[in-house]
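Engineer: The hints should help you fit chains W, X and A onto chain L, whose structure is shown.
Number of protein chains: 4
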Amino acid sequence: STGTPQVVIPGASSYNGLNLVPQMGWNNWNAFHCNVNETLLLSTAQNMVDLGLRDLGYNYIVMDDCWSIGRNSSGYLVENPVKFPNGIKDITDKIHALGMKFGMYSSAGVFTCGRYPGSLGFETQDADLWASWGVDYLKYDNCFNQGQSGTPKLSFDRYNVMSKALNATGRDIVYSMCNWGNDDPYDWAYTIANSGRMSGDIYDSFNRPDDRCPCTEAVGCAWPGFHCSVMNILNKMPAIQSRTMSGYFNDMDMLEIGNGGQSDSEYVVHFTMWAMNSSPLLIGTNIGTLSPANLAIYSNPAIIALNQDKSAGAAVRKWRYVVDPDETGQGEISLWTRSMANGDTVIALLNAANTTMMMNATMNDIFFDQRTAGAYQAPPQLSQTWDVYDLWANRMTEEEAAAVINGTSTLSENSTSRYNATATSYIEGIAANNTALMGVKVGSIAPSGTFSAEIARHSVGIYRLRSQGKASPRKRDEL
Amino acid sequence: STGTPQVVIPGASSYNGLNLVPQMGWNNWNAFHCNVNETLLLSTAQNMVDLGLRDLGYNYIVMDDCWSIGRNSSGYLVENPVKFPNGIKDITDKIHALGMKFGMYSSAGVFTCGRYPGSLGFETQDADLWASWGVDYLKYDNCFNQGQSGTPKLSFDRYNVMSKALNATGRDIVYSMCNWGNDDPYDWAYTIANSGRMSGDIYDSFNRPDDRCPCTEAVGCAWPGFHCSVMNILNKMPAIQSRTMSGYFNDMDMLEIGNGGQSDSEYVVHFTMWAMNSSPLLIGTNIGTLSPANLAIYSNPAIIALNQDKSAGAAVRKWRYVVDPDETGQGEISLWTRSMANGDTVIALLNAANTTMMMNATMNDIFFDQRTAGAYQAPPQLSQTWDVYDLWANRMTEEEAAAVINGTSTLSENSTSRYNATATSYIEGIAANNTALMGVKVGSIAPSGTFSAEIARHSVGIYRLRSQGKASPRKRDEL
Amino acid sequence: STGTPQVVIPGASSYNGLNLVPQMGWNNWNAFHCNVNETLLLSTAQNMVDLGLRDLGYNYIVMDDCWSIGRNSSGYLVENPVKFPNGIKDITDKIHALGMKFGMYSSAGVFTCGRYPGSLGFETQDADLWASWGVDYLKYDNCFNQGQSGTPKLSFDRYNVMSKALNATGRDIVYSMCNWGNDDPYDWAYTIANSGRMSGDIYDSFNRPDDRCPCTEAVGCAWPGFHCSVMNILNKMPAIQSRTMSGYFNDMDMLEIGNGGQSDSEYVVHFTMWAMNSSPLLIGTNIGTLSPANLAIYSNPAIIALNQDKSAGAAVRKWRYVVDPDETGQGEISLWTRSMANGDTVIALLNAANTTMMMNATMNDIFFDQRTAGAYQAPPQLSQTWDVYDLWANRMTEEEAAAVINGTSTLSENSTSRYNATATSYIEGIAANNTALMGVKVGSIAPSGTFSAEIARHSVGIYRLRSQGKASPRKRDEL
Amino acid sequence: STGTPQVVIPGASSYNGLNLVPQMGWNNWNAFHCNVNETLLLSTAQNMVDLGLRDLGYNYIVMDDCWSIGRNSSGYLVENPVKFPNGIKDITDKIHALGMKFGMYSSAGVFTCGRYPGSLGFETQDADLWASWGVDYLKYDNCFNQGQSGTPKLSFDRYNVMSKALNATGRDIVYSMCNWGNDDPYDWAYTIANSGRMSGDIYDSFNRPDDRCPCTEAVGCAWPGFHCSVMNILNKMPAIQSRTMSGYFNDMDMLEIGNGGQSDSEYVVHFTMWAMNSSPLLIGTNIGTLSPANLAIYSNPAIIALNQDKSAGAAVRKWRYVVDPDETGQGEISLWTRSMANGDTVIALLNAANTTMMMNATMNDIFFDQRTAGAYQAPPQLSQTWDVYDLWANRMTEEEAAAVINGTSTLSENSTSRYNATATSYIEGIAANNTALMGVKVGSIAPSGTFSAEIARHSVGIYRLRSQGKASPRKRDEL
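Taken in order, these protein sequences are the chains called L, W, X and A. Letter by letter, the first sequence follows residues 29 to 507 of the numbering used here. Letter by letter, the second sequence follows residues 29 to 507 of the numbering used here. Letter by letter, the third sequence follows residues 29 to 507 of the numbering used here. Letter by letter, the fourth sequence follows residues 29 to 507 of the numbering used here.
Excised from the complex, chain L in its bound form (with noise of 0.2 Å):
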């Protein structure tokens, strides 16, 4: 008699429905910069079609700052007709017709970061204009925002005027908020975004603290910057971890992967902690220079694979120690722990110290959580045996990926080493035990058990845990 209710489905929903797991796919800025045009954003996407990664799931070509020229006497935007001689429609028209979707960019001020005509009291009118080029996504910035910050409230109702016009276009647009952790979007930005940046822009650098990226912290940081590293981003996310949700992410910044700041195994801890945290993955380097190398790491299934897993949750960092600094007066180990949609566990043994360190990883750490959750009965996996993969085992050869780039590649495509997530996705080939996904085992850990493991300076490991089964049962004072 009280009619029919709506029904809220808690933990898988999205204020538009859009963005489930974390989106993927390019992004010029961190490479290019302003040089963004109609030859790269099509070669592009060429190339990201070829080399697998769209198939891998990198399926958005993100045009950022510096694509318009000003407003015409109607108000409306007009891009740079030497940039994009057959406009920015055509664009979207060839990057649909490649199966992949097209990222526009402003910012919620008067002007662009690049100080290029900003959407702020022209938010109906710039994003009817994309709807009806057909753009899928929107990365909206902060610059210039007429001092509209400085208590969540002003934030909210600034990037609400976008959130609404978007859905009013009636075409399904992500919609992902770079105000860098401004007034702290991680509580409020949910009901009105698809993912929303929690610091300064990152920089090409491992762990060197820059001027410039003035805060360590996410939280209360009244200057967010820029130039901050790796491990500065990663380190402001365990505090809001609980503000990564379905349909909401919290972004890390785009990918430095390929640009030459950082080593291989850097690269490898950006790319891991960035899946690990369900950030948003965009590549942000040169696709038509990639490395060997760097495509190895932007192309293992395993870890998109736990990037994209449905539990979209960030990670949970068990414990950090400051130790053994580097020249830059950085260095720390740290565990990190997720839990995913199927039961399995993901860890990561980071290790930011200076020398090689020898780390554990016990059953107790591992299932804390558990432990202290109500459990007024003792939590199963703590009595569980669990298996261990690591993630980065079967990760292409160097001579595997050049032969990618070649075109000269035998792999299957879902060989141990690759993977097509058009075809199969992810959450069928973990169900599938799909070995490109689930690595390879190293070890099982008892219920008192400890895992450990040798990492190298400046690198992580990465596992997968599986229960071997169901839990034996438990005295209670085994707790």
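It is worth saying that the hints were derived from the structure and are not from the lab. For every residue, glycine included, the Cβ atom is placed at its ideal position computed from N, Cα and C. Possibly wrong hints are sitting among the right ones.
Claimed, not checked - Counterexamples of contact, computed for chain X against chain A with all Cβ distances above 10 Å:
id : residue
1  : P109
2  : V110
3  : D121
4  : F150
5  : S160
6  : S291
7  : M368
8  : G371
9  : M386
10 : V416
11 : N434
12 : N448
13 : N461
14 : G497
Said to hold, decoys possible - Residues from chain W shown here face chain L by an in silico Cβ test under 8 Å; the list is partial:
id : residue
15 : F60
16 : R143
17 : T179
18 : Y231
19 : R240
20 : N287
21 : G288
Unchecked claim - Coverage of chain W stretches by chain L, computed from C-beta distances (three or more under 8 Å per stretch; other residues unrestricted):
id : region
22 : 166-177
23 : 232-239
24 : 245-253
Structural biologist: Same frame as chain L, now just chains W, X and A:
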């Protein structure tokens, strides 16, 4: 000639006349999270009656998040028909029939924390519905608040809408704010609510720091988070001690006793210090599987009498020393004091260090506030002799508690270790020197004396001090 | 041709023309709290006349909280008929008849701090009522302000309503804001008030830290609290030194001298440093039981003359060293300086360390501000010789003070240790080199010299420096 | 078909078209404070012409506070007739006749800081009056702002009123905000102003901390204060480096060189680092008594050319080490770099430690930004050889400067140490390798090399680096 004034009685007021001493009861969240249903609520209520918990004062059964499935076409919330096949009205009726009261949950946002429909914008409809169901209590959360926070005014205004809606129903409904201390509610919520959380959510750990609970102070905490330990929450109280008042209590969050994450002595600290600070006492475990030891903690009437004292104040932390850290890096000892309505004083010697400590409380420490509060004449307390009663000395034995659980107890409801506050109020009991409320005399302190006790690791000694009589005249220079 | 301009006289203004030097008087709170009544107010006023305190400048009798019993049906406040059987108007008349003025208390909230009716929303009615009673002063508190704080604008707007209401009465009413420094009133209250508290409430302790007073700086203090020690409050002043101005004083809270919590030398520090910083001087003890020693402190005209100097400025802390902690962990020494309206300079050597110290003040330290204030020519002060007068040297003896209290004093009102500022203003007295105001010459400082003095533990040496004459010409390189 | 778009030129814009490089001139405050009058302004202007300062680019004569006596009955401000017997319009005419421009002062509050009438609420009238007087510049202070601060929005809105009023006059008026960095103007003022102060007021000290300047960072500074040293202000710049832009400069406050509080080498640091960070350069001393040494600092065209470079950027602090403290507890060394519009790079080796230091700048440090800015290909700078020019090597000798002051100089306006930028712009001069702008070549740095220099205590070495030619091809692994 100026008409008949309305009289305000300082110290005994409440914005709505309710909750002059802290609310007591049970809430399903800590142990069951979203797994709430009719059976759980009704069986728990019956168990609480059977175990004597109702008659100790635990009279609210509070249902937490995840009870609805949406709003109907008229905008009214609809309970989950699977969880509540007979409706919530039926549950409140049955709980009322047991002599208990029923609490409801919602959030001052567009969603609850579990992403069910929230009450922001629906305050009147929701309050009316709950009143029609016979609801006696509302826990009102802070998730998905659309950025309406950042200044006290923004939070006050938002929470005030529900306050007015509840009052407008005409039903007595205790209003329990759960905004995690955001925007300093201890400074403004007294005029609109009956209690207010002052920290991020508790978790079942004595003192382990967790990255998800980044603040160590309530004041100026930009991100309350969750997974806050007992000691973390406790140490946020001293700065806001003055903002606990009759009718408005700083809520330290629901009790974890029984959930398995702490030792018996740690749970004793947890219960004691919550009571000592006039926190609401909401049992947060499975009553159906309560162990004898945990029942003995929840059932200590001497501690509950302290909590339910009409003084309605929080404790003063007179000193704290950071010493002797354990494996989590935490270690400290502290002295807490509080004045009772009848002139008694209660002191707690808390050992949160890693080893047994001989701890001291001097008369000057205990009565320092009196000495510096406009004491142009020497405070009488300093010249009196005080008898010292140990409030845990009469704790029920495991055997006694097991008998209560098994229904085989032969102890009277008013034995040394049991009490029925429905029959005899705590005030009457204290006035009659009831042994169950007074504990056991373990010593006395002379005017310039010191009380000493050996306190084990992660334990507390809590003592009620009663003056032996009138102060003897003192010479001025005794100060 | 542009008409007759209105002239603004910088440095001598006040938003309402009142309080060009700090207010002085008595307030019942520190000693009596809510226990205020007609007898106390009138007997105190008479005592202050008899002890010569009125004629030293202490001319406001300020009644604090707990005087009303509610509002009548017309919305006007009603005084407590038990405490004030003849009404408050009768009290103001009698106090006026004694040549003194009367101060009233309320709060910019819905309740006072003692939970009596507050004035928020009733500003005009309350101001009108008080004006009709002959009230000369309002202490306006900050409790229960409905969350109307968090930005300077929110606090300014709220306090401004009462400012306008007081002005609209047409009566001269000194407006003393008591918002504990919330939202930085030192930066905005000058245009609406005559003084403003800059810290949480004082308590009668020299330097003991107390958890309830969590801030050590005024600036950015999220929770002023109370139980702030003399040294805690004093050390909050240097950062906001420039915001003390004629007509608006940073109020360090009422004096505790006489309440028993500090030693004689600590009370001397308290009185001296309040005076040195142009804080309002409100006696906060029981005048009826004032000891000779405490009367001698409150009655030192040399210190009061410093406080009442037309320069109306706060002192500059030239240096501070944290040294030699006592049992509370506190220990420090510091040098404070201040320029007088007549060209004299006052310096304070404050020893808040745990042992006697030989302390030094160099000419460069004393006149550092002059040297760095656009001194493209060498500041004359550095090349002068200064005579040094000890401002406590002429303190009344205990015997003299006892005679004043007993009514048996034979000292003239203008002896070396007594003064009648009603008869001769402090300005005239200083101009005439009155010994009671100048203290005793104890040395002189040559152009490149240093003044040294042995200062006992928890004591202060305060000295008035007077130039011996014109500066001799100096060569440029003397700098 | 979308009409003619307006073109935005990134990097060379300005909200009102003015101040594309930092303003230069003179302001009376630091040296004269309120003692401003017609004679001072006009004689200073004439002196600046005579000393060649105007032709070096110092073309604004800015009058600071204390010039008015109130408002007339029409609400217009009235100049002080004693100070300005011929009116201010007469002064602007005469200054214009000297080929210079005139700056005015007011405050975005009800009073100026000196408590003269402020412009809040009178913006249009005041802007109109100033435009009618021929005013070219407004310094707009922040005192007595009625609490209209606390969020960026409150400050933006308040300062925007004057911005619009100035624009509405139709006259070109440079708008110099002086809100001390409150509410982060570097993040929002670009669209409404031409420069904005980012710190509390400077005082004439190299590095002495002063209690009245409590912040060491610009970001999140709750109380900017004043008496901020050169090093204090300088160290607030790196975090906000990106917010200096053509048309909007972060104003480090007026120069103290000549006021006597610092050594010659400290003044050189002051001038150099202000120029290096594109701060406005406002001489703040008495031009009439300027010493030869100080004239030689203000007149170094190589440093001014750096400041006036079209790159319009602030320097990046690449590293900073806190070492070797002096008697104030301060000691540090740092490396700063900046890219010039013509491809040159400038580096500053700053020794603010207490002893002479051998300091090094490696190629990697200097070009670290290039290496990590999307450098998927190696940045060419790292593979080039750079010639190093010392920008202070051609400083005018004391004898030369004395001759300029005495009017007896025989040096050409375009000698090695002098320059006339009115005749030949700095851009043209740099393009022509003018020696006065380039300094003296002191070495070169090879691709993997290091530049080393011995830098004396409290001194700076500043060097312009110019590439010897095209980069040689590098192998990828050279990174």
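Engineer: Against each hint, give a clear statement of whether it holds in the structure.
Structural biologist: Okay, the hints, checked on the actual structure:
1. P109: 39 Å, holds
2. V110: 40 Å, holds
3. D121: 37 Å, holds
4. F150: Its Cβ never comes within 10 Å of chain A, the nearest being 22 Å, so this holds.
5. S160: Since the minimum Cβ distance to chain A is about 30 Å, S160/X lies beyond 10 Å and the statement holds.
6. S291: 27 Å, holds
7. M368: Correct as stated: the minimum Cβ-Cβ distance to chain A is 19 Å, above 10 Å.
8. G371: Given a closest Cβ separation of 17 Å, the condition holds.
9. M386: 19 Å, holds
10. V416: 24 Å, holds
11. N434: With a cut-off of 10 Å, N434/X remains clear of chain A, as the shortest Cβ separation is near 45 Å.
12. N448: 33 Å, holds
13. N461: 30 Å, holds
14. G497: Per Cβ check, G497/X is outside 10 Å of chain A; nearest 23 Å; holds.
15. F60: With a minimum Cβ separation of about 7 Å from chain L (threshold 8 Å), the hint on F60/W holds.
16. R143: 4 Å, holds
17. T179: 6 Å, holds
18. Y231: Holds - the Cβ of Y231/W comes within 8 Å of chain L, reaching about 5 Å at its closest.
19. R240: 6 Å, holds
20. N287: Because about 5 Å separates N287/W from the closest Cβ in chain L, which is inside the 8 Å limit, the hint holds.
21. G288: Because about 5 Å separates G288/W from the closest Cβ in chain L, which is inside the 8 Å limit, the hint holds.
22. 166-177: holds (count 6)
23. 232-239: holds (count 3)
24. 245-253: holds (count 3)
Of the numbered hints given earlier, the model fails none.
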